[in-house]
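Residue strings, one per chain:
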Amino acid sequence: MGTGWDTATFYWDNPSFHTYVRVPKSTDINLVQSRLNGLLIEQAKSFPNIVWSAGVLSTGK
Amino acid sequence: MNSEKLLESLLGFFCPKELREEIEGDLLQRFRKDTDRYGIKRAKLKLLLNTIKFFRPGIILRNHLSFKRNSMISHYISLSFRSILRNKVFSLINITGLAVGLIAFFLIIQYVTFEMGFDRFHKDHEQLYRVVHQQVKNGEVTNSSAMSYIGIRKLIYDNFPGVHATGFSRTPIDLGITYIYKDKTIWNHGSLISADTAFFNVFPELLLKGNPSTALKSEKDIVSPKSSPQILLELTILFMNYSVMCRISRILNMPRSLSRYPVFSKIFPRRHT
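Protein sequences, first through last, are from chains A and B.
Heads up: the first sequence at position 54 corresponds to 37 in the working numbering, and the numbers run straight through without jumps.
With positions in the second sequence counted from 1, the corresponding number in the working numbering is that position plus 1046.
Please note that a few of the clues may not be correct.
[Stated by the list, open to error] If you only want the chain A side, here are some residues facing chain B, beta carbon under 8 Å, derived:
{"#": "1", "residue": "TRP(-5)"}
{"#": "2", "residue": "HIS1"}
{"#": "3", "residue": "THR2"}
{"#": "4", "residue": "VAL4"}
{"#": "5", "residue": "PRO7"}
To be clear, the hints were calculated from the coordinates, so they are not data collected in a lab.
Every residue, glycine too, gets a C-beta built ideally from N, C-alpha and C.
Construct all of the structure, not just a fragment, from the sequences and the given hints.
Below, the structure written as structure tokens:
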């Protein structure tokens, strides 16, 4: 993982980044999506700036 | 091939036998006059053009060789031509409508094909996902965006071992970026994007040369095992073709606020936002 933005304070300030992920083969993407959404809801408790409550993984298909 | 044989073989393709001799005589007479006036080379060209001028329905439809007179197809064709000639305006509207419809059809096919496959050039594209955001109120999606929080990347790395994540953003305005290598201007390009150092872990195939794990660790790196303007130029050209990102050696006119991030140039030949 890179270090360029790890110290940035605007982690949860503004949804203005394109985020792409590469998962290993045979990964259950629904499981990843569900868990990520759970984590985002937890994160929103600490960072009220998160106004959007659900992050979903899209294949762009 | 001399002119007479050329003329004979050309007319033989489409001209009915009963007309051929007369047309051929006229064309040859014209050819001889043109030879005296313009010379043989230009006369031959004019002969060819004059012959092609006879390739028209008035001549072709008198031909009995292409279709049998009583065949169904020839009947339909002659009926169609008669109908077109009888109702010129109506036929023009119909044919124009058909042409417009066909053009629209092919444009839609082109658009749908692109939308369905613009990201298929990535290696193992079925493993690649974009994190998007949806605003949910009372269980219903009220808003959605392709953008997400940069913190999601760290969240993924901390909680999903084996999953690579990268984030990047694109400047919406033209910043007037100039790429210079060894005091030589390589390329001028307006906008730029900022990306993290994990970019090539997610898109390893976009790194044409170099090691994905070590690329982009330094702000003054070029993503190439060799440091030469030629390599950089090649990379730039390839990137322009394949919509990938390029590390550059030096950046001018870059805002101070962006300068602490790794910077890439990006070309979107087929933009998708």
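A:HIS1 was flagged as interface toward chain B. Is the shortest Cβ-Cβ separation under 8 Å? This hint holds: A:HIS1 lies near chain B, its Cβ roughly 6 Å from the closest one there, short of 8 Å.
Holds or violated: the hint that A:TRP(-5) contacts chain B, with Cβ atoms closer than 8 Å. holds (5 Å)
Does the CB of A:VAL4 sit less than 8 Å away from some CB of chain B? Hint on A:VAL4: holds, closest Cβ of chain B at ~4 Å, below 8 Å.
Taking the least C-beta to C-beta distance, is A:THR2 closer than 8 Å to chain B? holds (4 Å)
Answer holds if the nearest beta-carbon of chain B is closer than 8 Å to that of A:PRO7; otherwise answer violated. Since chain B brings a Cβ to about 5 Å from A:PRO7, closer than 8 Å, the hint holds.
Checked against the numbered hints given earlier, this structure breaks none of them.
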